Every structure is written in C-alpha cells, then in structure tokens.
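*Asks:* Given next are the chains, with one letter for each unit.
There are 2 protein chains.
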Amino acid sequence: IALVPKLAPDDYVGFTFFVGCMAMMAASAFFFLSMNSFDRKWKTSILVSGLITFIAAVHYWYMRDYWATNMESPTFFRYVDWILTVPLMCVEFYLILKVAGAKKSLMWKLILLSVVMLVTGYFGEGVDPANAQIWGLISGIAYFAIVYEIWLGGAAKLAKSAGGSVQSAHKILCWFVLVGWAIYPIGYMAGTPGWYEGIFGGLSMDVFYNIADAINKIGFGLVIYNLAVQQTSEA
Amino acid sequence: IALVPKLAPDDYVGFTFFVGCMAMMAASAFFFLSMNSFDRKWKTSILVSGLITFIAAVHYWYMRDYWATNMESPTFFRYVDWILTVPLMCVEFYLILKVAGAKKSLMWKLILLSVVMLVTGYFGEGVDPANAQIWGLISGIAYFAIVYEIWLGGAAKLAKSAGGSVQSAHKILCWFVLVGWAIYPIGYMAGTPGWYEGIFGGLSMDVFYNIADAINKIGFGLVIYNLAVQQTSEA
Ligand SMILES: CC1=C(/C=C/C(C)=C/C=C/C(C)=C/C=O)C(C)(C)CCC1
Ligand SMILES: CC1=C(/C=C/C(C)=C/C=C/C(C)=C/C=O)C(C)(C)CCC1
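Those protein sequences? They're chains A and B, same order as listed. Take the first sequence: its letter number 50 is residue 50 in this note's numbering, and every next letter is one higher. Take the second sequence: its letter number 6 is residue 6 in this note's numbering, and every next letter is one higher.
With the rest of the complex left out, here is chain A (with noise of 0.2 angstroms):
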C-alpha cells in the first residue's frame, strides 16, 4: 500500500498539480486512442500531441510528489519538461505546415529559439537568481522571436498559401503561443526577484506554471485533432 500524503484543503499548488498529472494522463490515453481514426499524414501529429501530454504526465507525477514533500518549487523537473514538450511543439507547427511546403530549417528555427528561451530562464530561476531579471529579459527576446516567425514571419506565409482549415487552425495556434504562453514569463516574474516583485500579490508561480500547461498542452493538441477531424471528414 502506498503513503498517500495529506494535502490541506486550501493547498492550491499541490491541487493543481494532481489535477494536472491526471489531465495530462487523460489526454494522453485520449490522443493514443484515437490517433488511428485518422489519416496517416494527421496521424503523427496526434502521436506527437500525445507524446507531450504523456511526457508532461511522467513529470506532473515527479513534481506533485516532490511537492507533497518538499513544498518547495520542482524547478528542475518543470524545465526537464520543458525541454522536451516545447521543441515537440515547434515540430507540430512545422507538420501542419508541411502540407503547404515547409522546410525542415522552419523547424530548426523555431527549436533553436526555444532552447534559448528555456535555457536563459532556468539560469534565471535555477541556477543564478540574482540575475533573474537579466536572463528573462534574453529569455523574453526569444520569445518573442518565436512570436514574430509564426505570426508574421516565414510559417504565416505558409499558411496563408495553405488557407483553409489548416490557416484556420495554424492562427489558433498563434493565439495559444501569444497569449498561452505569455502566462509563463508572469509566472517567473511572481517567483523571482526582480522590479516586478510583488504586482502579483503572492500567488505562488507553481500556480500560474501548472494552469497554463493545461492550456498549452491539452489545448494546443485538441486544436490539432480537430484540424485531423475537419481534414478527414472533408476528404
């Protein structure tokens, strides 16, 4: 029989992190479980959709445990998460966009970028907090690199030529990583030192991390299997 820890009831990290592992499991099993409905080109990218719910499950299990014991921030495991999931969802960008003629450096491109922006903000909240307004601000530049490629830059191009269901869905992914993402960099303003201490009256950055991951990753999959639906009913 396992320990199953006590959490108080107003312990809302440790209640978003448990719902969070669960959700992610749920997606997971959902995105497995449904991938062969589809062709095979929107085939992978429903795998991939689950490959990042599940990678997001394996480490929601880590650090809901780790913060059942520690209460202390799972810094190290969110961005090992990270590191995986967020270049898996710059390859998702670029298979939707293969159907209008994406080349592989788009990709490249987009996983560049992001490793920057991760890597920068660990220094800041892991390894060099003193800096931490310094290394977001790098972390920031990238971020908005990525913004600026698929929103004006090479991948909206591809997928105005695209149009139809597949521009519709690439804007909605736009949206996601414009207004999704930007939830983060609140986050790690609320859990580091900086000018900005304080604005965000306390709310634990644990919070702010594990909400938009539920968005980010179930949200940005369902997008994706709903391009796969519309594709394969249109067909």
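The hints are simulated quantities; they were obtained by calculation from the structure and are not laboratory data. Keep in mind the model is a prediction, meaning the values are calculated, not measured.
The list treats identical chains as one, so a pair stands whether inside a single copy or across any two.
In silico DSBU-like cross-links for lysine-lysine, where the CA-CA straight-line distance does not exceed 35 angstroms: (1) 109 / 171; (2) 109 / 6; (3) 43 / 109.
Keeping the supplied structure of chain A fixed, place chain B with the ligands upon it in accordance with the hints.
*Replies:* Chain B with the ligands only, in chain A's frame:
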C-alpha cells in the same frame, strides 16, 4: 512486495473504495477495448466514457490507500477526480447531441455550471466547513441549473429534434443527472455540519459518494455504449 493492509470486516467505506477502484479499472478496459467496433462518431463518445472511468480508477487507487492509511475522508482527491470527470460528462452530453446540431456553447454552459457546483462544494467540504450549508446551497443551485438545462432547456429541444435512439439515450442520461447525481448532496449532508445533521443515521459520506460514483460513471458510460450499439446496427 507491497504492504497489504488489514481492513476491518465492517469497514464499509474501505470495502466500497476497493470495489469501486476495481470496477472503474474493469470498466475502462471494457470501454477502451470495445471502442474500435464502432463508427468514428461513436468511438469518440465511448473513448470519453473510458477516460471518465480511467480517471476515476486512478483516484480510487489513491483514495483507497488514503483511507486505509489515515481512516479519514479523502476530500482532496475526491474533488480532483470530480473536477475532471464531471466536465467530461458534460462533453458527453454535447457529443451525443452533436448529430442534432448542438453547439459548443451548450457544452461550455454545462461545464461552467458544473465547475461552479464543484468549486463551491469543495469550499463547503474542505476549506470552510463552518459555512457548509451556504456553500452547499450555492452548489445546489448550480446543480439545478444543469438539471434545468438538460431536462427543459436547449439540450432537451435538440434531443427531441434528433428523435429515435438519440432521444431515448438523452432521456436516460437526464434521469441519471436527476436521480443518480442527487445522491451526492445526500452524502454531503451526511458529512458536513448543518440543520440536516444526523438524519442519515451516521452512514458515512464516502459510502454515498462511492455508490453514486459507480452508478453514475459506469452506468452513464453503458448508456452511451448501448446507444452506439443501436446506432451501428441501424446503419
Ligand atoms: C518568456 C519567458 C519564459 C517563457 C517560457 C515559456 C513560453 C514556456 C513555455 C512552455 C510550454 C509551452 C510548455 C508546454 O508544453 C520563461 C522561461 C518562464 C522565463 C521568463 C521569460
Ligand atoms: C449538489 C451538491 C453537490 C453535488 C455534486 C455532484 C452532483 C457531483 C457529481 C459528481 C459526478 C457525477 C461524478 C461522476 O463522475 C456537492 C458538490 C456534493 C455539494 C453539495 C451540493
């Protein structure tokens, strides 16, 4: 080797936790393994039924162990479970009525109401039990709004226009919500202080919740399974 706890033979809460856990696991296997016998439209509904029992199986696993270790109501895990499974049941209502032209706004309305119902219930049970009556009242109002919506509101009209086996499945699900879900507020009253104290003769809150969960999660799924069987042989 895992430690297997000794449970008292008259520990009915423990008994129902163990039975519930296994029933949920078996139901998940049933739904997941049978989903591929149906058309895609019904596949998704069966898959969601399986996700509901799967999520419950995982949480019953915890709650069982939590109960065996602490002999205390696992409120925290109970609500983590509900906050995921009840919205998924709202999704089921939507999926069934999609053939009759249901809009996503119906789904979001039901989800919103169910979240209000559960969040206020959690406050009454876990965070602020001194005011359990008031929280329970607000939660009950949201519950009635759901009942109204599916019995007499937009969802009812759609079911009527769909007719046939969709309409009759919808009707059965409506009964589940009216009668099966009504067991939960009884459990709540058995477990929180208020004017209603003592009427339920000391029967434990968790016995009510466990029985209700088995009926609602598995029964609900089986109704949808039946509908899928009918619709597939009709076609
Ligand atoms: C801009 C910025 C950040 C951005 C993080 C982002 C955008 C993370 C996205 C994670 C996702 C999408 C995970 C889902 O799988 C950091 C690193 C917090 C540091 C502060 C500045
Ligand atoms: C009305 C009411 C409640 C209703 C709970 C319900 C209706 C829960 C349903 C759960 C289901 C259907 C789970 C199955 O997956 C609470 C929160 C106990 C608080 C008291 C008032």
